[in-house]
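K.L.:
Each chain is listed here by its residues.
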Amino acid sequence: DQQVKQNSPSLSVQEGRISILNCDYTNSMFDYFLWYKKYPAEGPTFLISISSIKDKNEDGRFTVFLNKSAKHLSLHIVPSQPGDSAVYFCAARLTGNTPLVFGKGTRLSVIA
Amino acid sequence: SQTIHQWPATLVQPVGSPLSLECTVEGTSNPNLYWYRQAAGRGLQLLFYSVGIGQISSEVPQNLSASRPQDRQFILSSKKLLLSDSGFYLCAWSGGGVGYGYTFGSGTRLTVV
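Those protein sequence lines, which keep their order, are chains A and B.
Residue numbering for the first sequence follows my numbering, beginning at 1 and increasing consecutively.
Residue numbering for the second sequence follows my numbering, beginning at 1 and increasing consecutively.
What the hints contain is simulated information worked out from the structure, not anything from laboratory work.
As the structure is a prediction and not an experimental result, all values here were calculated from the model.
A few of these clues could be false.
Facing chain B, a subset of chain A residues (Cβ under 8 Å, in silico) [stated by the list, open to error]:
1) Tyr39
2) Gly43
3) Ser49
4) Ala91
Chain B residues, not near chain A, derived (Cβ > 12 Å throughout) [what the hints assert, rightly or not]:
5) Val15
6) Gln73
7) Ile75
8) Asp85
Some, not all, of what chain B presents toward chain A, calculated at C-beta under 10 Å [to be verified]:
9) Gln2
10) Gln6
11) Trp7
12) Pro8
13) Ala9
14) Thr10
15) Tyr34
16) Gln38
17) Gly87
18) Cys91
19) Ala92
20) Ser94
21) Thr103
22) Arg109
For glycine and all other residues, C-beta sits at the position ideal for the given N, C-alpha and C.
Chain A on its own, in the form it takes in the complex (with noise of 0.2 Å):
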């Protein structure tokens, strides 16, 4: 049972327009959400995270948008740049030392 989904398999963005990447879950005990980005061959790197008591965090040209009622998240970046081209992977926190639930990841490619 998939409990944090990325519908998207890839996504193929503009260089300078925005990229939406999506995000849902089903467990409504989640309590914190993080975004990861990887290059291939590489660990994943920290991107932006988000409280559920929050509904918008900003964090330069990133932004994470919670919708609690819908289990929904989303990771906005304006403007693209080629080098946001990476998979880029949703993650889900229940409590404390619980391990992170990530969901299958989403290849964004930035055309120039």
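Please arrange chain B on chain A, whose structure you already have, making use of the hints.
P.N.:
Coordinates of chain B only, in the frame set by chain A:
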């Protein structure tokens, strides 16, 4: 500062051979440690996690095992590899609290032939 080391970077092993992947963390004590595998089309699958020396939780039944002989050392092993064990293996650590979540190692690309 904290760093995580994972090796080897790539590994080609025949079916039925043993496996040992090692991960060490520096600059922190009593970290939570994790082994993940990224297989094609399956995202990041949690294999094992450990909250202390000798404490291992297994998430996926398979022919892999994990051990934590020291506070900052986490080892992934197999006695006999299967073709299906091929994938990209990632070690990660966390301090156990909120914030940046996990810090991942650079990964090991394992190909079982």
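K.L.:
All hints are to be evaluated individually against the structure, with a verdict given for each.
P.N.:
Outcome of the hint check:
Restraint check, Tyr39 of chain A versus chain B: the minimum CB separation of about 10 Å is more than 8 Å; hint violated. A hinted interface residue such as Gly43 of chain A counts as satisfied when its beta carbon comes closer than 8 Å to some beta carbon of chain B; here the least separation is about 3 Å, so the hint holds. With its C-beta approaching chain B no nearer than about 7 Å, Ser49 of chain A sits inside the 8 Å limit, and its interface hint holds. A distance limit of 8 Å between C-beta atoms decides the matter here; for Ala91 of chain A the minimum to chain B is near 7 Å, and the interface restraint holds.
With a minimum CB-CB distance of about 23 Å to chain A, Val15 of chain B clears the 12 Å threshold, and the non-interface call stands. The Cβ of Gln73 of chain B lies farther than 12 Å from every Cβ of chain A, with a closest approach of about 18 Å, so its non-interface assignment holds. For Ile75 of chain B, the requirement that its beta carbon stay farther than 12 Å from each beta carbon of chain A is met, with the minimum near 17 Å. The claim that Asp85 of chain B is not at the interface with chain A holds, since no C-beta of that chain comes within 12 Å of its own (minimum 18 Å).
Because the smallest distance between the Cβ of Gln2 of chain B and any Cβ of chain A comes to about 13 Å, over 10 Å, the interface hint for this residue is violated. For Gln6 of chain B, the suggested interface contact is upheld, since its CB lies about 8 Å from the closest CB of chain A, less than 10 Å. The restraint placing Trp7 of chain B at the interface with chain A is violated, with a minimum CB-CB distance near 13 Å, outside the 10 Å limit. Interface hint at Pro8 of chain B: violated, since its Cβ lies 13 Å from the closest Cβ of chain A, which is beyond the 10 Å cut-off.
For Ala9 of chain B, the shortest C-beta to C-beta distance to chain A is roughly 8 Å, which falls under 10 Å, so the interface hint holds. A distance limit of 10 Å between C-beta atoms decides the matter here; for Thr10 of chain B the minimum to chain A is near 9 Å, and the interface restraint holds. Because the beta carbon of Tyr34 of chain B sits about 6 Å from the nearest beta carbon in chain A, less than 10 Å, this interface hint is met. Using the Cβ-Cβ criterion of 10 Å, the hint placing Gln38 of chain B at the interface with chain A is satisfied: the shortest such distance is roughly 8 Å.
Interface hint status for Gly87 of chain B: violated, as the beta-carbon distance to the closest one in chain A is roughly 13 Å, over 10 Å. About 8 Å separates the beta-carbon of Cys91 of chain B from the nearest beta-carbon of chain A, less than 10 Å, and the hint is met. At a threshold of 10 Å, the smallest CB-CB gap from Ala92 of chain B to chain A is about 7 Å, leaving the interface hint in force. Satisfaction of the interface hint for Ser94 of chain B is found here, the shortest Cβ-Cβ separation to chain A being roughly 8 Å, below the 10 Å cut-off.
The beta carbon of Thr103 of chain B is positioned within 10 Å of a beta carbon in chain A (closest approach about 7 Å), and the interface hint is therefore held. A least Cβ separation of about 7 Å between Arg109 of chain B and chain A falls short of the 10 Å threshold, and the interface hint therefore holds.
When held up to the earlier numbered hints, the structure conflicts with 1, 9, 11, 12 and 17 and fits the remainder.
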